[in-house]
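**Q** So the sequences go chain by chain: Y and Z. Position 251 of the first sequence, counted from 1, bears residue number 251 in the working numbering, the numbering being contiguous throughout. Position 25 of the second sequence, counted from 1, bears residue number 1025 in the working numbering, the numbering being contiguous throughout.
Please note that the accuracy of each hint is not assured.
[Stated by the list, open to error] Computed footprint of chain Z on chain Y; a stretch qualifies when at least three of its residues, placed anywhere within it, have a C-beta under 8 Å from a C-beta of chain Z:
no.: 1; region: 171 to 182
no.: 2; region: 185 to 196
no.: 3; region: 203 to 209
no.: 4; region: 267 to 273
[Unchecked claim] Going by beta-carbon spacing under 7 Å, a handful of chain Y positions derived as facing chain Z:
no.: 5; residue: Val153
no.: 6; residue: Ala155
no.: 7; residue: Glu159
no.: 8; residue: Pro264
no.: 9; residue: Gly285
no.: 10; residue: Phe288
no.: 11; residue: Gly291
Just so you know, these hints were derived from the structure itself, not from any lab. A virtual CB, placed ideally from N, CA and C, is assigned to each residue, including glycine.
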Amino acid sequence: MGNNLLQIKNGEKVNRADIPQLSFADFSKALIDIADNDGYVVQFFAYKDGETNKLLAVVRQGAKLYVVGSEVDQTFASLTASNEKFHMFEREIAEQYGLKPENHPWLKMARYHANYQGNPDVFGNNYEEDTPGNYPYFRVEGEDIHEVAVGPVHAGIIEPGHFRFQCIGEIVLHLEIQLGYQHRGVEKMLPTVPKKRLPIICESIAGDTAIGHNLSSCQAIESLAELKVDDGAHIVRSIALELERIANHVGDLGALSGDVAFNPPAAYFGRMRGEFLNLLQVLCGNRFGKGLVRPGGVTYVMGSEQRQLILDKLSEVRPELEHVCDLLFSAHTVMARFENTGTVPKERAQELGLVGYAGRASGIGYDARVTFPTESYGDLPANQNNMTKGDVCSRGTVRREEIMHSLDLIETLVKRQAETKRVFMKEYELAPSSFVVTINEGWRGEVSHCILTDDKGQIERYKVKDPSFHNWTGLAMSLRNEEISDFPLCNKSFNLSYCGFDL
Amino acid sequence: MLKIIKNRIEQGCKTSKYPKEPISLYKRYRGMPEINKNCDQALIKQCAEACPQDAIDAKAIKIDLGRCTFCGQCEMQSDGKFVSFSQNFEMGTASREDLITDGSLPELARHAKKHFKKLFGRSLQLRQVSAAGCNACEADTNVLNTPFFDLSRFGIDFVASPRHADGIHVTGPVSRNMRTALLTTYAAIPAPKVVIASGSCSISGGPFYGSDEITGDLNSIIPVDLYIPGCPPHPLTTLHALLNFFK
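Here chain Y stands alone, though its shape is the one from the complex (with noise of 0.2 Å):
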């Protein structure tokens, strides 16, 4: 397996020249050869090389890594007809570049947005009307079936999607998912920005993953610029993206226990999850550990003091932490609501490529920590998670392991000392004709990004995946004859970022 690919190793800087071209016919063969035998897609995206149309992807088999290229015409044989990894990857690539996977089963516009080359609209919009949801959604006819359309913009303080319930009485046959609203052009911008911009674009791709994106980018600069990190800084990082998980979990085990009307945990929860976020704030002075991460290392040195602050609040909150949990997890009438609802069984969620929690919680083990570790992740110890039913409990229940285990982690770290230098933005130049790509186990799941050079050094493309991007489809899958009033519950578990999704 994987004869014909070339083998690369997480934030390690390739050369151009060295990912093997296949002709478009060998390439979907080799993707599919992988995919069918339990590897996954990290990337694969469309780019222009001179006049011509270029794909390349980055897959993952175990834990090895592979990168692979090819031509492409403007249209091309689609590779989810074989296999269903593929299916959002292809909607992306006949967005952003105008090209066109023939038989696609579901063809459709991910963000909506013109082409970046002005080739015409795979899916025939006018996008000078600025509707998106201007679309024949998918309906299930008959008498007794009811459509319901939310989004939008939603009822709570959250981001806009839209979501199309096709019903009969209370239970959901299907669940679209059209997203494209928080689209920014995150992509296109990036190759065209001074550099000085990149970490504070990173940092908003999605807020909640600041340290998870903006990590995964400075990462693929120092790979790029031959930036050497000191090891205090790994440390910093490490802490910083552990408090984000702890934060975003917490946080998401207290909408969960709102979402059934279980108001004393939500309280709590969300309390702590501020205790997270100021923890973050001591490390760096900005509650998502934005303005931490640059390339070449971190801003603020963690000195005694911090140290002290963050241990003495570890200390105080992990208590009440087990004590919320346990009262959340051991409710009758909660876990009555949590237990066999929104399953997405382990078969499905192999079938669709889904990561992080909402993967482990359905049995796939990956976690980017452990297969491709990167700042101080190498020599920590893995979180097991025992419960694998892929329902709303498992994916709850693995966000409280997760919290302990990264509790254990930030504790480990913090007692490491190690030499930091404070680093800010400078000058560097970037490896011309090369390509990055990085993997980071954001809070969602696997964070990517990957960036292709010119002769001259400049960045010619930027290639940006969200956890998110492989989830969503997973939500949707999870809702088919649950009752719509499952829905919150099921969203809630998955939590995804739609900024994230949207770029």
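Given the coordinates of chain Y, work out where chain Z should sit on it, guided by the hints.
**A** Below, chain Z without anything else, positioned relative to chain Y:
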């Protein structure tokens, strides 16, 4: 039941005494910038060039808090000699121009429109619209409903329908794809209504300024009454702005 009571006792009362008692944020928090006007011009220029948001006007020696993401680059670049960020989080303003500052802001309470205080001082219901916000602004607005801030004790609530709202609180740079939904929501709110621009994105496009997929300036499509700067604004910045503008 016993567990609920035990947890209740363990949690205690965590609600902040702010604004009755002052609250201090950790020293690394970057709030209102202090600007040294006598700083060497070359250093100011250097900071202006390094600013990722191009928020520093080197000639006028002013920072545009509507563009600034408070990343701290200028403070680090000048080693605090030109800019140092204070822990003062009270940064809301009633006009866009006031955000372009030499280090001081007019007192918000006095610049608020008096009829707003009369109309909404006792009860203010807001509809939040995220128009391509990155979820940081949204999350730190949501947090006002947690027990620590407990926004509803001030008679301020975020509501589900624009029909129930007195105003709109907008986050995000207003993507092309959210423009219509935002305007429809605004139109659905009964007049008189207030408009709050929260976060650098809604004020100036924030990190995404220059993208052709965004509007980047909320005030250019609906008239803004209250500006809350930050990336994202600290919950206390929002709380202070709401209390001073409406109370």
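**Q** Please go over all the hints and tell whether each is borne out by the structure.
**A** Consistency of the hints with the structure:
| no. | hint | result |
| --- | --- | --- |
| 1 | 171 to 182 | holds (count 3) |
| 2 | 185 to 196 | holds (count 7) |
| 3 | 203 to 209 | holds (count 6) |
| 4 | 267 to 273 | holds (count 5) |
| 5 | Val153 | 5 Å, holds |
| 6 | Ala155 | 4 Å, holds |
| 7 | Glu159 | 5 Å, holds |
| 8 | Pro264 | 6 Å, holds |
| 9 | Gly285 | 4 Å, holds |
| 10 | Phe288 | 5 Å, holds |
| 11 | Gly291 | 4 Å, holds |
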